[in-house]
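Visitor: Make a model of the complete structure from these sequences and hints.
Just so you know, the protein sequences line up as chains U and R, in that order. Take 19 as the starting number for the first sequence in my numbering and just add one per residue. Take 30 as the starting number for the second sequence in my numbering and just add one per residue.
Any given hint could be a false lead.
Straight-line C-alpha distance at most 27 Å; calculated DSSO-like pairs for lysine-lysine [to be verified]:
(1) R/Lys154 with U/Lys108
(2) R/Lys68 with U/Lys108
(3) U/Lys108 with R/Lys124
(4) R/Lys68 with R/Lys124
These stretches of chain R come out as covered by chain U in the derived footprint (C-beta under 8 Å, 3 or more residues) [unchecked claim]:
(5) 51 to 63
(6) 78 to 89
(7) 99 to 107
Source of the hints: derived by calculation from the structure; they are not laboratory data. The model shown is predicted, which means the values in this text are computed figures rather than measured ones. All C-beta atoms in this analysis are idealised placements derived from N, C-alpha and C, irrespective of residue type, glycine included.
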Amino acid sequence: MSQAFLGIATCVLIFSSLLCLDRIGRGPTAPDRAIAIDTLGTIMIGFCCIMALWPTPTDSPSASPFMDYYMTVAIAWAVISFIGSLALAKYLEGRCYDA
Amino acid sequence: MLETIALWLFGIGLAFDVLGCIGLVRLPDVYNRAQAATKCVTLGTTMLLVATALFGVGGNWALFVKSLLCAVFLLATAPVGAHAICRSAYVSGVKLADVSVEDAFVQRARVIRQEHRQRADEIEKNMEEVEKSEEAEIERT
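Guide: So this is what it looks like as structure tokens:
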């Protein structure tokens, strides 16, 4: 995969995560922020894909040009993001006694 | 051939990601934002993962297997998490946007809120009993 394409992809994903950060900072209610954080976690998995496809230096001992261990990071990130959003949902639902 | 398909998938996935995030910023209330962000970004990131898997075919099977595993897991869990957040938003009293025409969840949400309140009352009653018994024990000693 060409490095220029990966660079453009990185820029696009950085733009998306800036939009998410805007919603996290501005969101009028707590669930807005929770949704934006969840989305940001999903975009991070996209970043992991780009990192995995980034060409390694030619003198590296690895046979394959791709770094598959970044996908392990992506799997772990997906699991933790899921658990985090469920915990946030439980916490927000508990706040209905106050209203 | 496989690389061309993977490049197209990668591009389409990126487009989905960006459009989902624009929806997250521009739509009027939590529920609209959640449906834009969740559906678009989940599908887009799944496409990125499938493209990564296609790059692993032949040379790097670990990349292939891990990417597909991550894609399946993401497709199964991301909508569940967003659904839980939306439901809790409704139950905790976040209003719909003014332009909404129909609200089908009112009755069910009322029942859920009642259950919550009953459970909270029970817990409070139990706590009072515990406090009373502790006070009685203190007096006895």
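Visitor: Does the structure keep R/Lys68 and U/Lys108 at a Cα separation of 27 Å or less?
Guide: holds, 21 Å
Visitor: Would you check chain U against the segment 99 to 107 of chain R, counting CB to CB pairs closer than 8 Å, and say if three or more residues qualify?
Guide: With 5 residues close enough to chain U, the hint holds.
Visitor: Checking C-beta pairs, does the segment 78 to 89 of chain R have three or more residues closer than 8 Å to chain U?
Guide: With 7 residues closer than 8 Å to chain U, the segment 78 to 89 of chain R meets the three-residue bar; holds.
Visitor: Does the alpha-carbon distance linking R/Lys154 and U/Lys108 stay inside the 27 Å limit?
Guide: Judged against 27 Å, a Cα distance of about 23 Å means the pair holds.
Visitor: Is R/Lys68 within 27 Å of R/Lys124, Cα to Cα?
Guide: holds, 22 Å
Visitor: Can you take a look at whether the segment 51 to 63 of chain R is actually covered by chain U? Rule is 3+ residues, C-beta closer than 8 Å.
Guide: Result for this restraint: holds, n = 6.
Visitor: Sort out whether R/Lys124 lies within 27 Å of U/Lys108, counting only the CA atoms.
Guide: holds, 19 Å
Consistency with the previously given hints is maintained throughout, with no hint failing.
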